[in-house]
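Participant: Here is how the chains run, residue by residue.
There are 2 protein chains.
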Amino acid sequence: MRIAVDAMGGDHAPREIVKGAILAAKEYDIHIILVGDKTLIQQELDKAGNYPKEKISVIHAEEAITMDDLPSVAVRKKRKSSVHEGLRLVKKGEARAFFSAGNTGAVMACAKLILRPIEGVDRPAIGAVLPNAKGHSVILDIGANVDCKSIHFLQFAIMGSAYAKIVFQKDEPTVGLLSIGEEDLKGNESTKNAFNLLKTSPLIKFIGNVEGKELYKGGADVVVCDGFAGNIALKVSESAAWYIGKLLKEELTKNFIRKMAALILKPAFESLKKRADYTEYGGAPLLGVNGICIIGHGSSNANAVKNGIKVAYELAEQRLNQLIEERVKASLERLKVDKVETFWNNIKDRFKKITSD
Amino acid sequence: MRIAVDAMGGDHAPREIVKGAILAAKEYDIHIILVGDKTLIQQELDKAGNYPKEKISVIHAEEAITMDDLPSVAVRKKRKSSVHEGLRLVKKGEARAFFSAGNTGAVMACAKLILRPIEGVDRPAIGAVLPNAKGHSVILDIGANVDCKSIHFLQFAIMGSAYAKIVFQKDEPTVGLLSIGEEDLKGNESTKNAFNLLKTSPLIKFIGNVEGKELYKGGADVVVCDGFAGNIALKVSESAAWYIGKLLKEELTKNFIRKMAALILKPAFESLKKRADYTEYGGAPLLGVNGICIIGHGSSNANAVKNGIKVAYELAEQRLNQLIEERVKASLERLKVDKVETFWNNIKDRFKKITSD
Numbered sequence: 001m002r003i004a005v006d007a008m009g010g011d012h013a014p015r016e017i018v019k020g021a022i023l024a025a026k027e028y029d030i031h032i033i034l035v036g037d038k039t040l041i042q043q044e045l046d047k048a049g050n051y052p053k054e055k056i057s058v059i060h061a062e063e064a065i066t067m068d069d070l071p072s073v074a075v076r077k078k079r080k081s082s083v084h085e086g087l088r089l090v091k092k093g094e095a096r097a098f099f100s101a102g103n104t105g106a107v108m109a110c111a112k113l114i115l116r117p118i119e120g121v122d123r124p125a126i127g128a129v130l131p132n133a134k135g136h137s138v139i140l141d142i143g144a145n146v147d148c149k150s151i152h153f154l155q156f157a158i159m160g161s162a163y164a165k166i167v168f169q170k171d172e173p174t175v176g177l178l179s180i181g182e183e184d185l186k187g188n189e190s191t192k193n194a195f196n197l198l199k200t201s202p203l204i205k206f207i208g209n210v211e212g213k214e215l216y217k218g219g220a221d222v223v224v225c226d227g228f229a230g231n232i233a234l235k236v237s238e239s240a241a242w243y244i245g246k247l248l249k250e251e252l253t254k255n256f257i258r259k260m261a262a263l264i265l266k267p268a269f270e271s272l273k274k275r276a277d278y279t280e281y282g283g284a285p286l287l288g289v290n291g292i293c294i295i296g297h298g299s300s301n302a303n304a305v306k307n308g309i310k311v312a313y314e315l316a317e318q319r320l321n322q323l324i325e326e327r328v329k330a331s332l333e334r335l336k337v338d339k340v341e342t343f344w345n346n347i348k349d350r351f352k353k354i355t356s357d
Numbered sequence: 001m002r003i004a005v006d007a008m009g010g011d012h013a014p015r016e017i018v019k020g021a022i023l024a025a026k027e028y029d030i031h032i033i034l035v036g037d038k039t040l041i042q043q044e045l046d047k048a049g050n051y052p053k054e055k056i057s058v059i060h061a062e063e064a065i066t067m068d069d070l071p072s073v074a075v076r077k078k079r080k081s082s083v084h085e086g087l088r089l090v091k092k093g094e095a096r097a098f099f100s101a102g103n104t105g106a107v108m109a110c111a112k113l114i115l116r117p118i119e120g121v122d123r124p125a126i127g128a129v130l131p132n133a134k135g136h137s138v139i140l141d142i143g144a145n146v147d148c149k150s151i152h153f154l155q156f157a158i159m160g161s162a163y164a165k166i167v168f169q170k171d172e173p174t175v176g177l178l179s180i181g182e183e184d185l186k187g188n189e190s191t192k193n194a195f196n197l198l199k200t201s202p203l204i205k206f207i208g209n210v211e212g213k214e215l216y217k218g219g220a221d222v223v224v225c226d227g228f229a230g231n232i233a234l235k236v237s238e239s240a241a242w243y244i245g246k247l248l249k250e251e252l253t254k255n256f257i258r259k260m261a262a263l264i265l266k267p268a269f270e271s272l273k274k275r276a277d278y279t280e281y282g283g284a285p286l287l288g289v290n291g292i293c294i295i296g297h298g299s300s301n302a303n304a305v306k307n308g309i310k311v312a313y314e315l316a317e318q319r320l321n322q323l324i325e326e327r328v329k330a331s332l333e334r335l336k337v338d339k340v341e342t343f344w345n346n347i348k349d350r351f352k353k354i355t356s357d
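Protein sequence lines, in the order shown, are assigned to chains F and X. Everything in the first sequence is counted per our numbering, starting at 1 for the first residue and increasing by one. Everything in the second sequence is counted per our numbering, starting at 1 for the first residue and increasing by one.
Among the hints, erroneous ones may be present.
Which copy is meant is left open, because identical chains are indistinguishable; a pair holds if it fits in one copy or across any two.
[What the hints assert, rightly or not] Calculated lysine to aspartate or glutamate pairs in the EDC-like style (CA-CA distance at most 20 Å, straight line):
1. 38 - 62
2. 273 - 238
3. 80 - 62
4. 339 - 349
5. 186 - 214
6. 213 - 277
These aren't lab readings, by the way, just hints derived from the structure by calculation.
Using the sequences and the hints, build the whole thing.
Facilitator: Set out below in structure tokens:
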């Protein structure tokens, strides 16, 4: 299997990307196409010295999208970027998946433009794997799909379930809806509508609302929300973790004895950091486009890149997109059947009413 | 100043409530009216023995609202509850403020019903004080005002600013809008509209969007959002902190050496817990009702109750509600002026266009 990798994306590109690609090429049965500045990439490959040359090739891209580029501008103005070229390889069937640790918004915009959404999917969404007390869950959308309708929530649920099925190896992943628990109004207008659609959908295993306070307890395999709530949940979590880490550091460096004790506990803190870090998972897929597109964290090191490529490889091998396409189609047909049924039931009810009057 | 305290609300009521009331009575120049089951309250007072008898009185309430009571039911069916009676004391002017560590939803519902919203305030909101790297900020609404319009965001901003002015002693508290930072769509429909209104309002010091990732960095004194986003932000923070604490505990008890080092660091962890705990602040006010109503955390101990009563005392003394009322009125008048101006400007523009054609 051939996988295209954006060699120019990320804070430590191309060095860590190339290193990660070599690690992945050594470990998995894949061929990696590094896309980007040929000279720079070759330099990094040469530095690495001993790498499986038959499993790595390079395709040149004239431009590179930076982390500061505005997505809407980059997608139109940098058409020869490594992101565009990499995604074109997927589009043409010359690669089965694409990985980038670059500008999330730009990769998303380019993927939507070049790969196009899967039939039946209105809004491709980014899913992130979050650790929790019971294991992991996928939360989506964490991209920028704000102001979503019920049907989008259902599509997120279907796409998230397909993703969870593959990465968590669960036959029927449970789906929860991120909402608030206040009585009277369990959620806002859009989540209340989504709740009603999700609970009647036979294609997912819906288990009801997941409140914010339950997010890290772990109850649902898939947590669906619109991109606004998802972004708030994810970023606030990061901010809270950062703040706790900051306070912890302050407390542990207050005097000599604390410093010494903290030194002994260094491996514990490092292990904690690793376990709480959702970016350890390698990357978040853009679900719902025609092709596998994995977006890694900007700060990805070689190991994170390797993990991201692994996710890309698994999702491609297990045909994530066929699964999504089938289920979305089935759900749309089901909705049509439901609508027709509701229509006839309404007519019957009216007829009964008229005849009984 | 007389302050009514719900002796029956909270996980440790009436014991901790009565203890906290005694602490507050000793420390501040106030008179406390304990509202609830007279016999139970008297038992607790007797246990305390030496307390300032002239500064504490008891008013009997036949019923008590439990933590499991549904707010909408409790507000109608338990009209003789300690919450109802306490709020009635404020309504009648027999107390200047009310504190309860009971059922948040029920206290909010009763306060809205009995005290009524301040003129010009459409939706009373709960504001919570969150710690951050630079100090503290108020976030509101964390109650249940979902699906808010721009005008509600403006009212939250005005009420939050008045509150921050008093508790942070800042003349012009800065206001941020909780939103997401994705380019193209900086927020959802409702926050984008709110942004436009907030930035033109001269009555607040608006500094723009606050992203989730910035929440604990501390940039704005007041962070406004609808009750859905606010609830998600607050509860997800709690959940993340809980999860990190859980992982930390697991890591620190893995072997004997770690256990010993962790024992040395116990004071550091306790201090951390205290600093990160937003409930340490004593209570969250329900802003925008005619009367001061402070809602404490259900798990409040005597010290938290004392802090909550202190907040109630300060807000009453510094006339929070007059401040809110004046500013809301001024903002409404300003909006009218703006509307009339826009109206005339539009007419002028049209006239110019007609005459130049």
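Participant: Against the structure shown, which of the earlier numbered hints fail to hold, in ascending order?
Facilitator: The structure conflicts with no hint, since it agrees with every one listed earlier.
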